[in-house]
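Asker: Heads up: the protein sequence lines correspond to chains A and B, in order. Start counting at 1 in the first sequence, then tack on 104, and there's your number in this note's numbering. Start counting at 1 in the second sequence, then tack on 502, and there's your number in this note's numbering.
Hints were generated in silico from the structure; no laboratory data involved. You may find that some hints are simply not true.
Stated by the list, open to error - So the derived list for chain B, only partly shown, Cβ under 7 Å to chain A, looks like this: (1) Ala-770; (2) Leu-790; (3) Ser-804.
Said to hold, decoys possible - 30 Å max Cα-Cα, derived DSSO-like pairs, lysine-lysine: (4) B:Lys-780 with A:Lys-240; (5) B:Lys-771 with A:Lys-245; (6) B:Lys-771 with A:Lys-227; (7) B:Lys-771 with A:Lys-240; (8) A:Lys-202 with B:Lys-509; (9) A:Lys-227 with A:Lys-245; (10) A:Lys-202 with B:Lys-771; (11) A:Lys-497 with A:Lys-202; (12) A:Lys-202 with A:Lys-240; (13) A:Lys-202 with A:Lys-245; (14) A:Lys-227 with A:Lys-341; (15) B:Lys-515 with A:Lys-431; (16) A:Lys-341 with A:Lys-302; (17) A:Lys-197 with B:Lys-780; (18) A:Lys-229 with B:Lys-771.
Unchecked claim - Partial pick of chain A residues on the chain B-facing surface, computed with a CB cut under 7 Å: (19) Asn-187; (20) Tyr-194; (21) Glu-199; (22) Asn-200; (23) His-357; (24) Pro-383; (25) Glu-386; (26) Pro-406; (27) Val-409; (28) His-411; (29) Ile-417; (30) Gln-434.
Because the structure is a prediction, the values reported are computed rather than measured. Note that CB positions come from ideal geometry on N, CA and C, so glycine has one too.
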Amino acid sequence: MSLWACFNGVHTPVLEIDDPYKADAEIKRSMRFFTTVGRFGWAPMISRITSTRLGLQLQISSLFNRVSMKIAIEGCMHGELDNVYSTLLYIEKVENTKIDLLICCGDFQAIRNKDDLKSVNVKPKYWDNCMNSFWKYYSGKETAPIPTIFVGGNHEASNYLWELYYGGWTAPNIYFLGFAGVVKFGDIRIGGLSGIYKARDYYSGHYERTPYNSNDIRSIYHVRQYDVYKLMQIEEKIDIFISHDWPLGITDHGSCKELIQQKPFFEREIRERSLGSKPAAELLEKLKPAYWFSGHLHCKFPAIVQHGEDGPITKFLALDKCLPGRKFLQIIEIESNPGPFEIHYDEEWLAITLKYNPLLPLTRKSAQLGGEEPGLQGYRERVKNQLMARGSKPFEFSPTVPAHDPESFSGDPSFQGHIRNPQIESFLQLLGLPYLLDSNQESDAFLRSSSSLEFRGQNDQAFDNDGDDDDVDDIEALAGGEF
Amino acid sequence: MDESSEKRRERLKAMRLEAEQTPNLPPQTFSSSSSSSSLSNPFNDLSATLCASTQASRFDFYTNPVSAFSSMNRKGERYNDSNQHSLSAQSPMAPTPGQSNAAMTHATAYPMQISYNDQRQYETPPHRSGSWGGPMMTGSPFSHGSPIPGSWTNNNARPVHTSPPNFHGGIRTPNFGRGSSPNPNFGRGSSPSSNYGSRSSPHPNYGRGSSPSPSYGRGSSPSPNYGRGSSPNFSSGMGRGRHFSWSPGHSSGRGGGRGRGYHLDVSAKEHPERFYNKSMVEDPWSSLIAVTKRLGIAGDRSVVSDSNKSGTPDSLRSWLPKSISKKARISDIKDEFNSETSLADSLVLAFEDAANDRTDV
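Please build the complete structure, drawing on both the sequences and the hints.
Answerer: Written as structure tokens, this is what we have:
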């Protein structure tokens with residue numbers, strides 16, 4: 105029988121034990137060792153012993169040397185990776201500190217090459233400005249100096265993010281949380297929801313497939329009930345949650361006056377209580393994370409939510425996009441174990457994914473949710489065993505299309521159709537799930553285009569009225585804002 | 503004081519003659535009071551401006567000013583670092599000492615101001631197109647340049663200073679600091695302001711001939727940029743760069759430009775201080791008090807089907823993230839291991855459980 109140690113989600117066999125009384129002595133000896141080591145710096149401690157099919161498992165946690173993990177939050181990236189990382193390195197220098205993680209709240213614009221621009225909801229006249237700097241990190245020309253986690257917004261290379269629907273590395277050291285997802289960074293648990301809320305698409309399935317038509321290119325980043333529902337199943341505490349748009353009603357918990365001074369054109373929506381995402385508000389109420397960060401509205405807005413009398417609180421912060429003089433970054437400190445600070449899969453989230461993947465809706469039809477369902481425990485056991493066997497670090501980054509080449513006169517190559525990302529294939533294999541993201545249940549081009557046209561015909565007014573209202577820049581421009 | 507007008511005329515004539523006999527000097531040298539009304543085109547005499555070899559060598563490390571030209575970036579093209587160095591002093595694009603940026607000429611180092619003169623980097627992504635391109639494209643070693651836009655015909659540029667220019671882009675020494683920067687180029691405004699050196703500006707940017715220190719920018723603040731070229735180090739050169747200024751008071755200039763913000767024209771690699779704000783490391787919630795959240799969303803029904811199925815009893819649980827609920831965790835752990843008996847018991851129980859699990863397989 106093996107004695108396993110679990111530290112920071114990493115399971116390692118440490119002892120072979122045949123006799124419980126011998127195990128007693130061995131474990132006590134191990135404990136003395138850990139405690140002794142702890143006095144000199146690294147202080148893991150056996151906190152719990154559980155039995156598993158593979159043997160006894162030691163839960164080791166840090167006791168003495170809690171450290172301050174410094175996390176940088178960024179509002180909307182808009183591809184400005186060079187500038188954001190440079191600013192962070194500068195902060196590290198002038199503040200004499202070390203930033204352990206960067207969290208970005210959407211509009212990351214993980215655009216690998218010019219072909220990806222066809223999947224970004226941006227008018228072609230802005231395409232050249234959109235290329236920006238992500239491709240350098242994707243190609244390996246640049247490396248993210250700080251581990252980065254992000255959710256999607258409404259200006260994304262949606263084809264690429266769909267490849268990584270379950271979450272994965274978009275570039276070395278740059279991790280996409282998925283359309284919905286939870287990961288662990290050290291012992292900090294970070295959840296996120298990609299996209300923005302639009303009521304009309306909320307109950308649809310994920311029917312959009314490349315090449316996106318003018319409707320699909322917008323709807324693909326609209327939040328779906330299925331993904332929110334999965335997040336609502338989380339029971340264990342979330343430390344940090346990220347969404348692109350703000351939770352509805354969050355403005356009640358901060359200085360509305362200052363917000364309206366910054367963004368007067370939000371006043372009506374605030375008054376009518378329509379500013380923000382309804383499902384995000386429900387998630388806030390359900391998950392009650394210690395921190396919630398958002399972007400989208402291009403301004404800084406802090407708020408503190410108390411969940412009921414004497415209840416827990418959530419510190420909310422929205423941030424701007426990256427521009428000189430703008431408040432697009434915030435450094436926070438969270439107490440953590442000493443590391444290693446790495447991204448790991450989250451066991452509970454994987455169990456939820458395993459349980460609900462068969463219900464993943466891949467057509468316009470909504471998912472059949474809410475029926476009588478078995479508990480999560482069985483799924484957790486399966487996931488736990490898989491992670492013990494394989495480890496919980498995400499699968500390695502692997503590029504799927506050539507990166508942008510600014511020296512190329514012929515331009516970037518063009519690709520049609522869905523590309524299976526090896527990370528996701530491996531991930532699904534780990535969970536024993538089928539690959540569905542290229543499911544053509546409704547992806548027949550003719551069927552899709554005709555149904556889209558039909559749908560559009562019925563909803564012309566809605567689409568036309570909706571227009572670019574996803575785009576905060578346009579809203580601000582119309583309202584006379586600076587950008 | 504007692505000089506008669508006739509003597510003064512003679513003296514001035516002699517000075518003119520003396521000046522004419524000195525061919526290789528810049529046509530005009532900077533004076534704090536000088537303000538030429540008829541500035542010549544510095545490119546009319548490139549040989550003269552380029553011959554100052556000892557000073558021209560300074561430009562070997564200079565960032566490619568061509569990269570500042572929006573028309574090039576419009577094509578989404580970038581330059582390699584190798585290109586950067588190919589922009590030598592022999593290039594007609596190289597700024598020449600003595601040429602000055604208008605913004606420089608008028609840049610005053612007000613106390614509590616931070617002055618920058620920015621220029622783009624190779625790494626800088628393409629930016630929004632500007633209304634003018636770069637005449638310096640002529641003779642450029644770069645293959646991806648766009649032709650010189652005809653709209654940019656500013657011939658006003660004229661060397662107005664002989665001090666060596668301070669190239670912020672080429673040297674990795676940050677040129678910032680509050681109030682006492684030795685390189686005060688621009689005032690700081692409360693918002694990014696553009697100084698296009700517009701002809702309509704009361705303070706035209708007539709140093710714009712060939713300096714790599716362009717001084718246009720974007721923003722909406724109607725703020726002309728003032729300055730005084732009294733700094734020993736200032737950015738001379740053509741006003742083609744980006745000038746952001748945040749001044750608590752004296753920044754002025756013409757704001758212009760508006761865009762979707764997908765791309766920045768200023769690089770944090772060169773000027774991270776422009777992106778940094780002290781509030782980024784301060785507690786953003788310090789002045790707030792917690793406001794109790796109403797249950798439910800504005801009286802509407804949930805948009806998440808069966809959202810309460812999983813229950814909300816966790817609302818009564820500790821809200822602290824595991825990472826910061828230190829006390830509880832430590833006490834829990836201590837309780838678990840403060841007795842040898844409990845450890846032995848738990849081990850035996852756990853071992854038996856594991857053994858039973860294994861036999862079930």
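Asker: A separate judgement is required for each hint: does it hold in the structure or not?
Answerer: Structure-based check of all given hints:
1. Ala-770: holds (4 Å)
2. Leu-790: Status holds, d = 5 Å.
3. Ser-804: Given a least distance of 6 Å, the restraint on B:Ser-804 holds.
4. B:Lys-780 with A:Lys-240: OK: B:Lys-780 and A:Lys-240 at ~29 Å, within 30 Å.
5. B:Lys-771 with A:Lys-245: At roughly 15 Å apart (the allowed maximum being 30 Å), A:Lys-245 and B:Lys-771 satisfy the hint.
6. B:Lys-771 with A:Lys-227: Given that 30 Å is the threshold and the Cα spacing comes to 28 Å, the pair holds.
7. B:Lys-771 with A:Lys-240: holds (15 Å)
8. A:Lys-202 with B:Lys-509: violated (70 Å)
9. A:Lys-227 with A:Lys-245: The given pair, whose Cα atoms are some 28 Å apart, holds under the 30 Å limit.
10. A:Lys-202 with B:Lys-771: Judged against 30 Å, a Cα distance of about 18 Å means the pair holds.
11. A:Lys-497 with A:Lys-202: holds (23 Å)
12. A:Lys-202 with A:Lys-240: Satisfied, since the Cα-Cα distance of roughly 24 Å is no more than 30 Å.
13. A:Lys-202 with A:Lys-245: Distance of about 23 Å is within 30 Å: holds.
14. A:Lys-227 with A:Lys-341: violated (40 Å)
15. B:Lys-515 with A:Lys-431: The hint is violated at about 58 Å.
16. A:Lys-341 with A:Lys-302: This hinted pair holds, its Cα atoms lying about 27 Å apart.
17. A:Lys-197 with B:Lys-780: holds (13 Å)
18. A:Lys-229 with B:Lys-771: holds (27 Å)
19. Asn-187: With Cβ-Cβ at 4 Å, under 7 Å, it holds.
20. Tyr-194: Holds: closest Cβ of chain B sits about 3 Å from A:Tyr-194, inside 7 Å.
21. Glu-199: Nearest chain B Cβ about 6 Å off; hint holds.
22. Asn-200: violated (11 Å)
23. His-357: For A:His-357, the interface hint holds, since the closest Cβ of chain B sits about 4 Å away, which is under 7 Å.
24. Pro-383: holds (5 Å)
25. Glu-386: Holds - the Cβ of A:Glu-386 comes within 7 Å of chain B, reaching about 5 Å at its closest.
26. Pro-406: This hint holds: A:Pro-406 lies near chain B, its Cβ roughly 4 Å from the closest one there, short of 7 Å.
27. Val-409: holds (5 Å)
28. His-411: holds (6 Å)
29. Ile-417: holds (5 Å)
30. Gln-434: holds (6 Å)
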